[in-house]
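Colleague: Sequence:
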Amino acid sequence: MVDVTVLHFANLRLGASFPSLGLRGRDHRLQLVATLGGLADLAVAEQVNAVLITGDLFGCSVPAPATGKSAQAFIAKLRDSGIPVILLQGARDPRSLFDPRHQPPGQDFLGAATILNADQPIFTLKDVDLTFQRVTLPALGESHAFAPAAAATAGRLIGAAYFSGSGSLDLQAAAARFAGSPMSYLGIGGSITFELLEDQSPLACSPGVPEPLEWGQEEGNVALVRISDGAVRVTRAHTGTKSLAKRDLPLTIGTARDVLSLVASQAHEDLGLEVVLTGQCPGDVLIDPAVIEMELAQDFFNLRVVDHTELVIDTSDQGDLPKGTVLGNFVRVMDERIRNAGDDEQRIHEREAYRLGMGLLQGGSA
195 MVDVTVLHFA NLRLGASFPS LGLRGRDHRL QLVATLGGLA DLAVAEQVNA
245 VLITGDLFGC SVPAPATGKS AQAFIAKLRD SGIPVILLQG ARDPRSLFDP
295 RHQPPGQDFL GAATILNADQ PIFTLKDVDL TFQRVTLPAL GESHAFAPAA
345 AATAGRLIGA AYFSGSGSLD LQAAAARFAG SPMSYLGIGG SITFELLEDQ
395 SPLACSPGVP EPLEWGQEEG NVALVRISDG AVRVTRAHTG TKSLAKRDLP
445 LTIGTARDVL SLVASQAHED LGLEVVLTGQ CPGDVLIDPA VIEMELAQDF
495 FNLRVVDHTE LVIDTSDQGD LPKGTVLGNF VRVMDERIRN AGDDEQRIHE
545 REAYRLGMGL LQGGSA
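The numbering used here applies: residue 195 is where the sequence shown begins, and numbers increase by one.
Among the hints, erroneous ones may be present.
Simulated restraints on C-beta separations [unchecked claim]:
(1) ALA285 - ASP313: 18 to 26 Å
(2) MET195 - GLN366: 27 to 35 Å
(3) GLU240 - PRO213: 30 to 38 Å
(4) VAL322 - GLU408: 30 to 38 Å
(5) ALA306 - GLU539: 22 to 30 Å
(6) LYS440 - ARG289: 27 to 35 Å
(7) THR387 - HIS502: 22 to 30 Å
(8) GLY216 - ARG427: 52 to 60 Å
(9) VAL256 - ALA367: 34 to 42 Å
(10) ALA425 - PRO259: 38 to 46 Å
(11) GLY361 - ARG427: 24 to 32 Å
(12) ALA306 - ALA367: 30 to 38 Å
SDA-like cross-link-like pairs, simulated, lysine to any residue; straight-line CA separation at most 20 Å [to be verified]:
(13) LYS440 - SER395
(14) LYS271 - LEU236
(15) LYS271 - VAL227
(16) LYS263 - ALA210
(17) LYS271 - GLY231
(18) LYS263 - ALA312
Since the hints were derived computationally from the structure, they do not count as laboratory data. Virtual Cβ for every residue (Gly too), placed ideally from N, Cα, C.
Please model the complete structure; the sequences and the hints are all you need to start from.
Modeller: Right, here's the structure in full:
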């Protein structure tokens, strides 16, 4: 048999809104379109035999016309390069685009792609003897009898599945449901974490996201699946350009005054950063997350600052604030209120009251 290569990805979510990115949400929607174009270039460069998308190509119920055209252009470019696109509908994909029966007469939005569904659960590339089959991940505790496609019993079979359950995907348990089948590779969408299971058959993979979608995702990933002489090898390819990192920044009594420069030292135009300030902050230092975000807005793709520092009043380096003064009494009262806050929400409110009060007492504005 000839060797085959498949580009597998999922969870691109074209058209998603990204409210957590604020004004940058629109920019990130455009980035997803650019990333999709980059995936087409990668497929052509790697000379893959097919592209498999296991769900959530879209991230909205009604994609804008321009978003829909970008998906059509992606599929058309690959078709013109002789690379078929095999699609599996995810929970976020509009049913109207994936089911011709729900489209206006004469229109087939994704007609240049092959959609695996209940009516067409299999697709075979006869020239390379490779079959794709839509499979369902049974819930834990359910019995499962897998029936491989007849076309694949004498060839090679790739299973395409979508994880729609709550919680995290158990990749090992999912692959175990298909143990003993002729399946060479199980590709699963719906989970935004890259995971690869190589030590059992079938080899299983969740390719994560091609472009970061949530805070804490620092890179995009896809899977390049190569099948040669019955052996399956998966390469994790990094894609996209943006990073949505979430990092702690521990402060000390000595460094809290330099928090602006410490955050600025991490700046990059393609970095979305949620920085959580931890550690200690002296009582007379005013940390205002909104001011830091505004000062450094042009240096990051997006910046969020969360202040979780401990307010410290009396230290050997800092000395006591004058007792009997308005400022000194205010800081001590607020320190006690913050320390005695009943929960995180109350503590956030007390810290905000401290910030506003310090700003006014030090001659600034609220």
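Colleague: State the violated hints by number, sorted upward, taking the hints as numbered earlier in the document.
Modeller: Per hint list: 5, 8, 13, 18 violated.
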